[in-house]
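Following the hints, position chains S, D and W against chain F.
Protein chains in written order, with the working numbering: chain F, 1 to 460; chain S, 461 to 920; chain D, 921 to 1380; chain W, 1381 to 1840.
Errors might be hidden in some of the hints.
Partial pick of chain F residues on the chain W-facing surface, computed with a CB cut under 10 Å [as the list claims (entries may be wrong)]:
no., residue
1, 175
2, 181
3, 218
For the record, the hints were derived by calculation from the structure and aren't laboratory data. By construction, the Cβ of each residue, glycine as well, lies at the ideal position given by its N, Cα and C atoms.
If you want the building blocks of each chain, they are given just below.
Protein chains: 4
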Amino acid sequence: MPGIKWLERITNTVADRGRELLGLRDDEAKNSLSDLCRRLIAGRGEASNIALAREILRLFENTDKDGKDEFFATLAAQFGPDPQGISEASAAFDRDKPATLARLIEAVEPPRQELFRRLNMAPHGTASLVAMRSELLDRLRANPELSSVDADLKHLLASWFNRGFLRLQRIDWHSPAALLEKIMQYESVHSIDGWRDLRRRLADDRRCFGFFHPALPDEPLIFVEVALTGEVTAEIGSLIDPEAQLTDPYAADTAMFYSINNALRGLRGISFGNFLLKQVLSDLGDELPQLKRFVTLSPMPRFAERLNMLLAGDIEDWPRERLDPLLEDFEPALAEHSNQASPSAAVFELLQNFDQHAAALAGPLARLALLYISAMKRSPGVCCDPVAAFHLANGAVLERINVGADKSVKGMTQSYGVMVNYLYDPEQVVANHEAFVQEGRIAMSRALKREHEKHIVGKR
Amino acid sequence: MPGIKWLERITNTVADRGRELLGLRDDEAKNSLSDLCRRLIAGRGEASNIALAREILRLFENTDKDGKDEFFATLAAQFGPDPQGISEASAAFDRDKPATLARLIEAVEPPRQELFRRLNMAPHGTASLVAMRSELLDRLRANPELSSVDADLKHLLASWFNRGFLRLQRIDWHSPAALLEKIMQYESVHSIDGWRDLRRRLADDRRCFGFFHPALPDEPLIFVEVALTGEVTAEIGSLIDPEAQLTDPYAADTAMFYSINNALRGLRGISFGNFLLKQVLSDLGDELPQLKRFVTLSPMPRFAERLNMLLAGDIEDWPRERLDPLLEDFEPALAEHSNQASPSAAVFELLQNFDQHAAALAGPLARLALLYISAMKRSPGVCCDPVAAFHLANGAVLERINVGADKSVKGMTQSYGVMVNYLYDPEQVVANHEAFVQEGRIAMSRALKREHEKHIVGKR
Amino acid sequence: MPGIKWLERITNTVADRGRELLGLRDDEAKNSLSDLCRRLIAGRGEASNIALAREILRLFENTDKDGKDEFFATLAAQFGPDPQGISEASAAFDRDKPATLARLIEAVEPPRQELFRRLNMAPHGTASLVAMRSELLDRLRANPELSSVDADLKHLLASWFNRGFLRLQRIDWHSPAALLEKIMQYESVHSIDGWRDLRRRLADDRRCFGFFHPALPDEPLIFVEVALTGEVTAEIGSLIDPEAQLTDPYAADTAMFYSINNALRGLRGISFGNFLLKQVLSDLGDELPQLKRFVTLSPMPRFAERLNMLLAGDIEDWPRERLDPLLEDFEPALAEHSNQASPSAAVFELLQNFDQHAAALAGPLARLALLYISAMKRSPGVCCDPVAAFHLANGAVLERINVGADKSVKGMTQSYGVMVNYLYDPEQVVANHEAFVQEGRIAMSRALKREHEKHIVGKR
Amino acid sequence: MPGIKWLERITNTVADRGRELLGLRDDEAKNSLSDLCRRLIAGRGEASNIALAREILRLFENTDKDGKDEFFATLAAQFGPDPQGISEASAAFDRDKPATLARLIEAVEPPRQELFRRLNMAPHGTASLVAMRSELLDRLRANPELSSVDADLKHLLASWFNRGFLRLQRIDWHSPAALLEKIMQYESVHSIDGWRDLRRRLADDRRCFGFFHPALPDEPLIFVEVALTGEVTAEIGSLIDPEAQLTDPYAADTAMFYSINNALRGLRGISFGNFLLKQVLSDLGDELPQLKRFVTLSPMPRFAERLNMLLAGDIEDWPRERLDPLLEDFEPALAEHSNQASPSAAVFELLQNFDQHAAALAGPLARLALLYISAMKRSPGVCCDPVAAFHLANGAVLERINVGADKSVKGMTQSYGVMVNYLYDPEQVVANHEAFVQEGRIAMSRALKREHEKHIVGKR
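If we strip away everything but chain F, and leave its shape as in the complex, we get (with noise of 0.2 Å):
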C-alpha cells in the first residue's frame, strides 16, 4: 500500500535483498563490500542505485579495520582501470588521434571514480567520502599503492568542492549548536575552551566567517576568526581572552585576522584559504566601512625549529652570509643573560621570562625571525615558513614582528613566542601577488624595510 515512505521501502527491500542474494551476514560485510560496489557500478542508473550506495556506505561505517583495509586494498587492486583495455586505446590513439581521444580517455579513467559518484547519491554520501577520504589518509604512508585511489577521490572532491560551489557564511552565536560546537572542535590554532569560552569569540565585537558546501549545511570547511580593534594588536592573549572585556564594534577601525583553520581532514589539499580571507575582506569592508585596516596576528609554525638547528650548528637551511651579522647580536644578548647548558635552552628560558631580563634579546631575535621569512626562499615565492608563504602569495605586506607575542607552550615551542602581523590592503594585493610570485620580492611597512635594509641586506 502506497502512504509509507516510498523511496524508503524501496531502499530497502533492495538492501534486504541484497545480503539476502549474497547470503550475507554483517561479518561478512568486507567481501560483500566489494561485490556490492560491483553491482553498483554495472547498475543503469535507476534509483534503486540510491539504496545500494546506502547500503555500501552503511557497511563500509560498520566494519572493522581489517574490513576497512581491505576495502581499500580492493578499490586499488581492481577497481582500477584495465591495462589491457588502455594499450588498445594508446595504440588506436598513436594510429588516429583526435578521433579515438574520448575512447582513450575512457579506458584511462579509473571505474573506483564512477562508484565514489554513484555512492556520492546515497543520502548524505558526500559527507561519507569525506570521512571515506580520511580513513584513507591515515593508510597512506603505510601503504603507498592506495596512492591511487587517494588521486581519485581527492580529484572528485576538488571538482565538486569547486569554489563556485561555496557559500561564505557568518558564524555567530544565532548558529546552529550544532555548527558550532564543530567549530570547537575544529579550531587548532588557538583553541577554544568550551561554550564559554566559544561564546566570547563570537560576540559583537568578534567575527567569524566559513565556507558552507551545501551538501555538508553544519559543516564549515575553513573558517577564520576577526577581533575589531583600535590598534593592530601585537600579542595573542588579549584577542583569546575569554573574559576580554567587550568592545564598540563600530568604533573599530582595525580587522584583525588571529585565527584560520582547515576543518574536514577528508578534504586535505584541497585549498580554499585564499578564497575566503578576500572574500572576508570583502564583506567585512561592507559591513563596517569605517574600518581602515585588516591585519593578521599569525604564528611562525617552524621558527623555533630551524632556530635550535642553527644554534646547534646546523646552518645548512640559513644564508650564511647575511646570517653572521645577526648572530653577532644575538649571541653575546643570549650568553649575558643565561646560564643554561644549550643555546636553545637558554633562549627559552630567557623568553619566558621576558619581561624581566630579555628585553636586549627582542632586536635580535626579531631580526632572525625577518631573516628566516624574508631571506629563506629557494625560488622566488617560496618561504620556508608555510604561513608567510600563504599570505605573502596572497597578496599581503609583511607588516611588524611582535616578539614575546605567544606565551602558550604550543607559541614558545613552536616560534619562541614571536608572531607576525601581515597588512591586506585592497589597493596593493594585485601588485604584490605579481612581485612576490614572479620575483620573489616581498613588500614590507617602512620600518620592517629599514630594518631590513639596516641589519639584513646592507651588511652583507
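Using the frame of chain F, we list chains S, D and W on its own:
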C-alpha cells in the same frame, strides 16, 4: 581606501588590466578569449582567477556567432591533451603499470577540463557553463570535431549535477515569479498559456515538483506536474483545462502524472527523470496518505510516424507475424469510414471527428498501439517508444491505452490522439524493473494482459 | 486512534457537535453565529475555542449579505458593555477613585473586544478579521449604530498592527507570485497592466518595499515603488512605461518615489506611511551609498476639483487677497487659447494638447498649484491637499511643481496633469517637520521660495 | 549627506536633542523619563516617535532601582485616566447611552496604554516591555497601587501574545545556541546541567517544542520536553539521565511529556500551556504515526506540604470521611518502619531509602495521593493540585500514580517522590474536559477507578 566592495575592486582591476595588457578592444574579444583562457589555466588558484573567469564568461556572452565558433574551435584544437605527453605516458605505463597510472591519467585529461572548473568559480559560473554547452550542442552536428569539447563539458556537468547534490522542491503559487516564469517557458509537453493557465496548474488540487541544484536556485532542472483526482484519467483535456473546477485534494485517491519536462538544454543527456519520479511518489504518499494509485497519462511521441510508415507499406519496424491479424481488423474499419486519398489522411480525419464515426476504429487502433509499445523491442528492455522505455525500465505497469485521449494538433500529429497510463506500484517496482531489463517482460494490467494474449500473442 | 491530525480532529468534532447541538443547518447560520459567539466568549480558553472560532469565521464567510447585516447588528446591540454595570462601576469610581478603576475599565470594555481576540486564534483569524472590518466599513454610512463595533475592531487591529510588529521587506521578481498578484491588485495610484508591466516595475533599476505583518505573510500592508534615476524626474510617463530602457542602478544618484499604496481596506485609518517612507529612505541609502537625492513624484488629488470650483465662481476655499493677482495671469492665458464654453472645459482642452498651444498657461497654472498647496491651511500643519499634508508633515521639502506631468485621464481629471516633487533631506527632516507642524511653515526649494515670494506673498 | 544609516541618524538626532533640550545628564534620567513619556504620548505618530521610544527604554534600562521605582510610581499616579473626564463621560453616558459610549471608553482608557503601544515601536520594544513588566511584578506586593499599571501592561501583552500570533517550533541541536541557552536558563521543572545534559535532552529519541512570538524570535515563551519510549514511564530518572542509551524514535509507541516550562516572567498570567500541549500532540502524531499513547509524567507540587499538615494534625483541607480509612492503613505502615521524631520526618526518611524498607508504605501513600488529586475540589473543576487541575481541565485521563518516581531533593521535598501519569486520548479529550469542568468528574484509568472505588469512595 577599504570599505568598498573589495572583491569587486580586485575583480575589476584584473579585468581592466587584462584588456589593457592584451591591447584589447571588445571586438577583438575572440582573440583575447583564448589568451585569457590560457592565463586562467596557468594561474595558481588565487582570487584573481575569479576575476579572470568572470571576464572570460562576459566576453563569451557578448561575442557574436563567429567569435563563439572560433572559441569552440580553439577549445577543440588547442585545449586538448598533448599527444606527445600521452604517448610518453602510455609507453611508461606499458613498462611499469601501477606506478605510472597517475601520470597517464594526468596526460590524458584535456586541459579544457581544468579550464571549465576554473570558469565555474566566477559568479554565476555554473549557469554560464550550462548555457555555453547549449551553444555548443547547436554546433555539434555541423562540427563533429567539437564532440571532444562536449564530452569534457558533459563529463563535468554530470559530475556536478550528481543526484546527491539535487534538492526536490515543491513548486506552487507561492514560488518566486522568476521561477514560475521558467516553468512556463520550459513546459513543452502540454504548453502553458500565460499566468492564468499556470495558476490553475498550481492550484490546491495539483502538485508540481522539481529538482534544483544549489548553484541555480531559480532553475528547475526537471519538473513534473501532477493532478489529484478520483479516477485514472483517460484523456488529457480535463487535466489541463484552465477553467477546470477545483476539487478537494484530501478526497483524491489517485495522483495523475501528466507532464514531465527537462528544462535546461545545456544538461542534455544527463538524466534526472527516474530519480525525480520516485522521489515525488514517495513525498506525495507521505503528504496524502489516502492516495491509492500513482499513474501517468503519457504520450506516445512517435506512434503516428510509425503507423504512417506502416500504412504506406513500410513495415520494416513491425513484427510481421503479429501485425497481420491486427491490420485485418484495422484496415476494413478504416476503409468503411473514410474516403480520403491516403490511409494516413483517412486515419487523421476519422480520429479528428472521433465522436461521430470512428468508434469502430478505436479497438483496432488500441491494439496496434499495444503492439507498438510491447513488441517492438530489438533486445530485452529496449522499446521503440522512448516514453514507454522510460516508465517500464522504471518498474511501472502498462495499465491502459486510451484512444481519443489527446485531440490537440500535437497529440494527433504525434500519436493519433492515443495516450497511455503507466501505473507505479511500490510493491512491484523492483521486480518489474528487473523483469523488464533482464528478460524484456512487460508488467501489464489484467485487462491489457488479456487483450495482449487474445489479439497479439495468441493470434501469432 | 492517534496518528492523524489531532487538532484537526478536535476542531472538527467541536464544529460538528456545535452545529448538531444547536440543531443547525448551514442556512440557519445567521442565528447560530451569535449563539456560537456567546459560547466562545463564555469558553475558558481551551483549545476547543480555536475550533469554535474557526467555525464562526467559516459561517460568517459563507453567509449572505442579510446574514452579515444581522450579525453586525447583533454585535452592536448585544455585545456591547452592560449599561447597568457601567453605571454601578462609575458610581463606585466616584466614591473611591483609584481602587475601583480596574472594575470600571472592565465594565466599559465591550465584550465584543474579547470576542474578536478569540476569533483571532483561529487559523487565518487575523486575515478574517481584517476582511470582516472591510465588510463592516461598507455598512457604516448607512448604519451609524455600527460605528461602535468598528471602533472596537479598529482599536484591536491598530494595537496588533503596531509598527513594532511590522517587517520591511523588499519586493522583486523573486517574490512569491501570490504576493506579486496582490501588488497588481492593490496598486491604485498608477495601475499595473498585467505581469509584463509588473515585471518592468520590479526590474534592476527599480525598488519596491512593503510592510508585512507576521500573521499575513503574503499581504503587503502598504508598499512604495521607487525608480533609480539620474535626475529629479518631472513627469510620470517615463517611470511607468513598461518599455522603458533598463538603466544601471549603481550609476543612479536619485531615488524617485512615484507610488505609495495602502493595501488592505480592512485596515483603513491605521497609518503606516510615514514609517515606511523613512525606513525605505534609510535602507536605500545603505544599499546604494551613491544616492544623493530622495524625491517623490506625487499627485495633487483634489486640485482639479478645487480649481473648477474656483473657475465656476466659488472661491470659498481660496484666500481671496492672494488669489486675484494669480487669476489676472491665468484667465487671459486661458481666454486667448480656447473657445470652449466653460472655463474648466477650456483648461482641460488646452492642457490635453499641451505641447501645441498651452505653454503660456504653464506658469499661471503652476502658481495656482503653489497657492493651493501652500496657502490653503486653516490651522498650522493642515493642508487642503492630503498628499502635501502627508509629505510636509513628514519633514519633506516642497521641491518643484511640474505642469504637464501626468497626461493620463486620471491625472488630468484629478489634478490637471500637475505633479509635485517633494524632497527628503535627512539633515532637515526633523526641523522641517517641527516648523510645519507648529508654525505651518513650509520648507521650499530656493526656486519655489523665490516664486512664492514674488507671485504669492509679494503681490499680496 | 545621505548614504549612511538614516533612521539611525534621525533617531540619534532626536535622542541627543531630547537630552539637550531637557538639559539632561544621564543621572537625571528619572526625571526625564516621565517628561519624555509625556512627549511621546503627545507626538503625532511620526518616525521620530521611534527615536523617543528607544530613548525612554534605554534610560529605563540604565536607571537604578530608585529611578525605576519612581518611574512606575509616576505611571500609576500621572498616566491614569482623568477622573474628571470619566465623571463627565459617564454622566453623558447615563443620559444618552449608545451615542456616547465611544467617549466613555476613551475617557476610561489610561493614557499609559497608548504610552506602552508607542514604546513597543522602538527596536526590541516588545522585549523591553516584557522585561519592564517583570520588574513591575517584583514591586507589586509591596506597592499595591502599581496594580493598575500592571493591569494595563498585562492587558496589552495578552492581546499581543494572542495565540493567533504564536508559532510552534521544534527545538533541537540545530537550533541557535542563543535559543538553547535560554532553554537551559528557563527549565525549572527538571533543571539542565550544562550543554552536555542539554544535548541528550535534544537527541533523536527526544522532542522539544516551544511557542514563539515573531517579535521575540529567540525566546521560547513556553516549551515542553518529550521522550519517545516503549512504555508509560513511571519514574523520572531514566528520562533525564544524560547518559541514557539512545533509542530508535521510529520504534517508540509512547510519547512521554516530562517537563513543561513557562519562560518569560514578564508574561506571567498569560497562559499558553493548553494550546501548546494539544498542538504538540497533533504534530507528534503526524510525524510519528506509530505513536499509540501520549502521556505525561508530572509532579504534584504541593502534595508534601499538604500531607505534612495532615500528619501534624491539620486536616482542614482534607475530606474527613474519606480520609480516615486511608490513614488507618498509612499510619501503621509508617510506625512500623521508622523511629523518627515527627511523622513527616519519618515519611521522608522511609521514602528516601525506598528500595529497602518502605514497600509497605507505597500503597497507602499512593491512595493518599489519589485522594489529594481527586477529592479535594471545592467546586467542580477545581483541584488543589495545580498540575492536576491543568491536565484534567485539558481533558486528560488520570492514568497512574507512581510512588518513588522522583527521588531528587526537589521531588522529595515537594511531593514525597510521587509523580502522576496523565494520558491524552484525542477521542475523549472533549468529553473529559466537559465532564470535569461541568460536573467535576475525573476520567480515570480502569485500575485507578477500581482503586478509587474500593479505597476511597467505597470506604466512605
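**Report entry** Indices of hints not satisfied (ascending)
**Finding:** No hint contradicted; all consistent.
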